[in-house]
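*Asks:* So the protein sequences, as listed, match chains A and B.
Heads up, the first sequence is in the working numbering, so the first residue is 1 and it goes up one at a time.
Heads up, the second sequence is in the working numbering, so the first residue is 254 and it goes up one at a time.
Note that these hints are calculated values from the structure, not bench results.
Check before you lean on any hint, since a few could be wrong.
Ranges of calculated distance between the beta carbons of each label pair, as one might list FRET restraints [to be verified]: (1) F403/B with D122/A: 58 to 66 Å; (2) D222/A with I325/B: 55 to 63 Å; (3) A507/B with P213/A: 28 to 36 Å; (4) E136/A with G499/B: 21 to 29 Å; (5) D484/B with G115/A: 29 to 37 Å; (6) E417/B with R217/A: 33 to 41 Å; (7) G226/A with D458/B: 52 to 60 Å; (8) G499/B with K101/A: 30 to 38 Å.
Keep in mind the model is a prediction, meaning the values are calculated, not measured.
Quick reminder that beta carbons are idealized off the backbone N, C-alpha and C, glycines included.
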Amino acid sequence: MPDETKSPSSPPEGEPKPAADKPASPGGVKATPSGSDASPAQSAETKPTPEKPAAAGQKPAAEAKPAAPPAKPAAAGHPAPPKPAGPTPTPWDAPLVAKFKREYGSGINALTYLGQNYLEVDRSLISEVLERLRDEEQFDYCVDITAVHNPKREKQFDVVWILYSFPRNQRMRVKTQIADGESLPSSVSVWATANWLEREVFDMFGIKFDGHPDLKRILLPDGWKGFPLRKDYGILQQDNEWVQINLGIESGQ
Amino acid sequence: MTDPKTLSPPSLETHVAARDETFLDTNELVINMGPQHPATHGVLRVILRLDGEKVLGLECVIGYLHRGVEKIAENRTYAMFNPYVDRMDYVAAVSNGLGYCEAVEKLLNVEAPPRAQYIRVILTELNRIASHQLWLGTHALDIGAITPLFYTFRDREEILKIFEKYCGARLTTHAFRIGGLQYEAYDGFEQDVKNFVKFVKPKIDEYEELLTTNRIWLERTKGVGVISGRDCIALGVTGPVLRASGVKWDIRKAQPYANYKNFDFEIPTGLNGDTYDRYLVRMVEMRQALRIIEQAVEGIPEGPIMAKVPKVIKPPVGEIYHSIEAPKGELGYFIVSDGSTQPYRVRVRPPSFVNLQALDLMCRGQLVADVIAVIGTLDIVLGEVDR
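Sequences are here, hints too, so could you generate the full structure?
*Replies:* The following block contains the structure:
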């Protein structure tokens, strides 16, 4: 077990020699992140102490590299179970889907994941699809509108409408992808509740909705610069200029 | 009457004319309510457009309590984010936790064991009563009935004591864990809950005695802040507000989560969609919550309280939307996983935020004093509005 755990974490560190010639020591050191008292006792039997700090010094460096430090020690403890491939989205078959597919063809993709249905819709069709979902398919309640930022993709934003139908007691989602700077048609005329929800999406992601009656920031102050829920916006980042001018303090941290 | 022109010098004449105009003026008056106002229940600023005492329209300015909860979630592991959700609707922290834990459980494809489900339902329903009690006390206080506040806070204390004995915290409880519960019910938990039910039933009658037929209460709430069921749906308003407008919809019945399908309870609805009906609906909801608790506490099965959940929670790549019936309405979590230990995106669909949007519509044509009543009846918590 220790050998197994050692090998995935140690090679990326790039020093092949110590890993090869002292297999016992890393096994002892492996416990260091959690309990440093236990490992000196262990390694004292096998190796002279001077070597230990060196090994211990390398180890945290290797541990610190991945993004999630708190989860790492435990994660290293369970490498053996192969990562179960999660369920994958399956096609969603329904009269509604058949109807839309017939009319829009490849502009629409219908999927089910964990029992939840969603439509992936091309941006150009979005206003028509949303309006028809309300009028023809009775999705009369827009639960939420939100977005997800994927900076690595060419079309960076997923915009998601979560819908519910009172008569059918059914939920579904509508998703579309847009690039940075692209706008979407507002759905305030379809569901009045979209007003604040779209404002929040604009506030947090900077996505514009054409035809929105009053598109402005909602949670952040009007003059704020930047869109906090984008992935390139750091968790400690803030609009220092705004803070200094409006709050009269050097920094909000 | 003498012509003022003959009496006064020209300068005064224009002055008087100007004054007369302002006295008969029906121009709009714009006033600010909040952000620091006792009746806004937090830091909510309402810009009112008035004609005399009549409200022509209003705009809510929110965000004073914005802490970036959704951003924090992206930088925490799934388990680490769990306590943060308590800080949104902090008077119903248990409900928030239930929604979040269930959403992640769905994403992981695990289910909490039956014993955990029962204890969860008991605590959540107790929290619903606590939330409604706090609402009743403060809402009545805003309108001018001071006594109910003392009654409700006295009785809410008993619920907080149970929470404290169960998990050590009274308000931000962090009662549930992903996959079940961390703590087994303490010795005497069932008895405490039964005693509470017995204790609080007559107390709810007491609140009703103070208010339900009280003439001042009727005058202040009947016909105030009316909203139709259709408008509620268009505006996404959920919870007791929707039900008071005659729409019989409760997620516990419509799309049962946890183990609510095992319990027998009713969904109260109102007829008029006014402040008084919302009051009645919430009173009935408290009694129905007691009914659920009574059934649940009798039926707690033996068994484990934690499902088999890996130490490190790493849901497969995918996304989920899960919502529950929180005391204030539909509380939803939309979670996107990229297969790592941290959620890629967590979106919270807060009932208070969406319900607050209806304030403008509900206040139009009402008097300024009724704005207070309508804010109270919407039962918003600014921690959840602003997140």
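*Asks:* A separate judgement is required for each hint: does it hold in the structure or not?
*Replies:* To see whether the hints hold, each was checked on the structure:
1. F403/B with D122/A: 58 to 66 Å: Given a distance of about 59 Å, which is inside 58 to 66 Å, the answer is holds.
2. D222/A with I325/B: 55 to 63 Å: With a Cβ separation near 23 Å, D222/A and I325/B fall outside 55 to 63 Å, so the hint is violated.
3. A507/B with P213/A: 28 to 36 Å: Holds: the Cβ-Cβ distance is about 31 Å, inside 28 to 36 Å.
4. E136/A with G499/B: 21 to 29 Å: The hinted range 21 to 29 Å holds for E136/A and G499/B, with Cβ atoms some 25 Å apart.
5. D484/B with G115/A: 29 to 37 Å: holds, 31 Å
6. E417/B with R217/A: 33 to 41 Å: The hint (33 to 41 Å, Cβ to Cβ) holds, given that E417/B and R217/A are roughly 40 Å apart.
7. G226/A with D458/B: 52 to 60 Å: holds, 54 Å
8. G499/B with K101/A: 30 to 38 Å: holds, 37 Å
Checked against the numbered hints given earlier, the structure breaks only hint 2 and satisfies all the rest.
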